[in-house]
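Q: Numbering (our numbering), first residue to last: 27 to 641.
Don't take every hint at face value.
[Stated by the list, open to error] Simulated crosslink set (DMTMM-like; lysine to aspartate or glutamate; CA at most 20 angstroms straight-line):
| # | residue 1 | residue 2 |
| --- | --- | --- |
| 1 | K293 | D357 |
| 2 | K293 | E272 |
| 3 | K639 | E594 |
I should point out that these hints are in silico values taken from the structure, not numbers from a laboratory.
Since the structure is predicted, the reported quantities are computational estimates derived from the model, not experimental observations.
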Amino acid sequence: MTLPRPASPDGADRAFQVDLRGLVDLLSHHLYSSPRVYLRELLQNAVDALTARRGLEPDAPDGAFGIRLFADGSVVRVEDDGVGLSEADVHTFLATIGRSSKRADGIAEQRGDFIGQFGIGLLSCFLVADEIHVLSRSARTPDAPAVEWRGHGDGSYSVRTLPASARPLPGTTVTLTPRSDTGEWTRPNQVHALGRHFGSLLRHPVSFSDGSAGAPTVSVNPEPAPWARTYPTPGSRSRALAAYGEEVFGFAPLDTIELDLPAVGLKGIACVLPEAVPAGRRHGHRVHVKGMLLSEQADEILPEWAFFVRCVIDAESLRPTASRESLYEDDTLAAVRDALAERLRAWIARAAASDPELLGRFLQAHHLAVKSLAVHDDEILRLLLPWLPFETTDGHTTLDEFARTHRTVLVTSSVEEFRQVAAIASAAGLGVVNGGYTYDRELVHRLPEIRPEASVADLDPATLTAHLDPVDRETELAASAYLALARDALAVFDCDVALRTFHPASAPALLVDSREARHERTRSQLAREQEGGLWGDILGALRQEAPRAQLILNQLNPLVRTAVAIDEPELARTSAEALYGQAALLSRRPLRPAESSLINRSFLDLLAHALRKDS
Numbered sequence: 027m028t029l030p031r032p033a034s035p036d037g038a039d040r041a042f043q044v045d046l047r048g049l050v051d052l053l054s055h056h057l058y059s060s061p062r063v064y065l066r067e068l069l070q071n072a073v074d075a076l077t078a079r080r081g082l083e084p085d086a087p088d089g090a091f092g093i094r095l096f097a098d099g100s101v102v103r104v105e106d107d108g109v110g111l112s113e114a115d116v117h118t119f120l121a122t123i124g125r126s127s128k129r130a131d132g133i134a135e136q137r138g139d140f141i142g143q144f145g146i147g148l149l150s151c152f153l154v155a156d157e158i159h160v161l162s163r164s165a166r167t168p169d170a171p172a173v174e175w176r177g178h179g180d181g182s183y184s185v186r187t188l189p190a191s192a193r194p195l196p197g198t199t200v201t202l203t204p205r206s207d208t209g210e211w212t213r214p215n216q217v218h219a220l221g222r223h224f225g226s227l228l229r230h231p232v233s234f235s236d237g238s239a240g241a242p243t244v245s246v247n248p249e250p251a252p253w254a255r256t257y258p259t260p261g262s263r264s265r266a267l268a269a270y271g272e273e274v275f276g277f278a279p280l281d282t283i284e285l286d287l288p289a290v291g292l293k294g295i296a297c298v299l300p301e302a303v304p305a306g307r308r309h310g311h312r313v314h315v316k317g318m319l320l321s322e323q324a325d326e327i328l329p330e331w332a333f334f335v336r337c338v339i340d341a342e343s344l345r346p347t348a349s350r351e352s353l354y355e356d357d358t359l360a361a362v363r364d365a366l367a368e369r370l371r372a373w374i375a376r377a378a379a380s381d382p383e384l385l386g387r388f389l390q391a392h393h394l395a396v397k398s399l400a401v402h403d404d405e406i407l408r409l410l411l412p413w414l415p416f417e418t419t420d421g422h423t424t425l426d427e428f429a430r431t432h433r434t435v436l437v438t439s440s441v442e443e444f445r446q447v448a449a450i451a452s453a454a455g456l457g458v459v460n461g462g463y464t465y466d467r468e469l470v471h472r473l474p475e476i477r478p479e480a481s482v483a484d485l486d487p488a489t490l491t492a493h494l495d496p497v498d499r500e501t502e503l504a505a506s507a508y509l510a511l512a513r514d515a516l517a518v519f520d521c522d523v524a525l526r527t528f529h530p531a532s533a534p535a536l537l538v539d540s541r542e543a544r545h546e547r548t549r550s551q552l553a554r555e556q557e558g559g560l561w562g563d564i565l566g567a568l569r570q571e572a573p574r575a576q577l578i579l580n581q582l583n584p585l586v587r588t589a590v591a592i593d594e595p596e597l598a599r600t601s602a603e604a605l606y607g608q609a610a611l612l613s614r615r616p617l618r619p620a621e622s623s624l625i626n627r628s629f630l631d632l633l634a635h636a637l638r639k640d641s
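When you get a sec, could you build the whole thing from the sequences and use the hints?
A: Okay, here's the thing in structure tokens:
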């Protein structure tokens, strides 16, 4: 908060005048996600002060310097044994927005040791208080006096020098007088909870007290991070990491993957989710920087395909953004993302090689994530493609098991095509894989890379109809009149009609109609709407070449044998329409309005015929 300079002559430099209330409103609505960050900022400043003190006194024993939190409902106080501030520091750094004390006194070269990179953290306290009181004493000068700074929400501040006895030891105490409307963030139990939330992994000791009679001072971070502890056995270590993951995320991990990148000082764990998640949903990860919690929703540390894990990491060299609630996208973060992705690949490969039971449970929950990875990763493809489950005419099975039964693997291009042909293809002995799901068709076509003896081909209507047995000549001739009426009735749908025998006999008809064929017929429909001209001739030629759907009637079905013997033309047409409608419904594809109308009409006509016959 810089005080305005006196008026200057025209052309002379002038100082910005800052509306502190407006700036605080900007911070609260656009920079910080919640007023609770005030405690994180105070903790961060305290940790950085302790880091600077350690630089001045490198031989001090571990735990000699710490942080103390206090809240009793009327004030919130954060006290540290850090490097402290002199009177000059107070005027320079606390009264100037954007100036960081870490830029001064040779500390700039050590900025990588500090969490904060911006000098606006103290302003966050105005989110919950109208007055900030700072009492500090510098450790750089042995006989330095104490300095008091008071800042107010209206932008004014005061500074005065006090005797050294006002603060006998170096360090800084920040005291806030909360506003009445911020009690949810400043009550004692909330301050304690926020201290644990943000500072549970801090390297410096942090304690909390509420000042009540007989209440003990409790440690905010009593133990180091679980990955930094020693354990008697690998099994006990694994169980402890899993318990920590469950405590943080609320689920028992399927497995935990230790993460360790010494180049950037990163350690942590990845917890494998025990249940499937929707494809593409990216869970937030818990990221600490030098022990301080930065974000619980950092999704940028892993690639998109890694949505089957949630991570807790603590890093030394990742850069926070201005709000210190997410990570700055730079080359270091990109390298970390790639390295962590490699750790996940290595875990999958290790499970495939040495723990089939774990791999099976993992793939049962997360096969889609692995399929997305296998599409782009040849090593994962080689390791896991035989293990991945697919929907086939033999049920849900692995591709490896399916290829052992079917030397030629046929794959559909859509889910609806698979549903149209699955029962008939299975009865005919064809091995068909549903290629309509994301990644499946592409992966099935890569099967020969793993099993050279396997053959993969796309399934088309001709392949299927070639496996249906023709009827004998006499039966074909006897049904010719019915087939002609059926073709005429279904011409409006560009559908041909044929009579074959196939299993199961319970299926009266099969509608063979690919998505591509329907697209071509839709395009040719435009020709019917033209009234001559070159464009109409071109579209008319396309219409003549457009592929047709095919309704294949099953001579083995009793209903079909009865239908083809009908000698009443109108009833024959109605029965053909009903068979078409039933086959269209069984294909499970969206019905066109004309098809829905046909199904309703044919049902009512058949019902009316049955009622007349019974009367």
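Q: Hint by hint, note whether the structure agrees.
A: Each hint, compared with the structure:
Of the supplied pair hints, the one linking K293 and D357 holds, its CA atoms being roughly 19 angstroms apart against a limit of 20 angstroms. Taking the CA atoms of K293 and E272, the gap is near 18 angstroms; set against the 20 angstroms cutoff, the hint holds. As the CA atoms of K639 and E594 are separated by approximately 13 angstroms, the hinted pair is consistent with the 20 angstroms bound.
When held up to the earlier numbered hints, the structure conflicts with none and fits them all.
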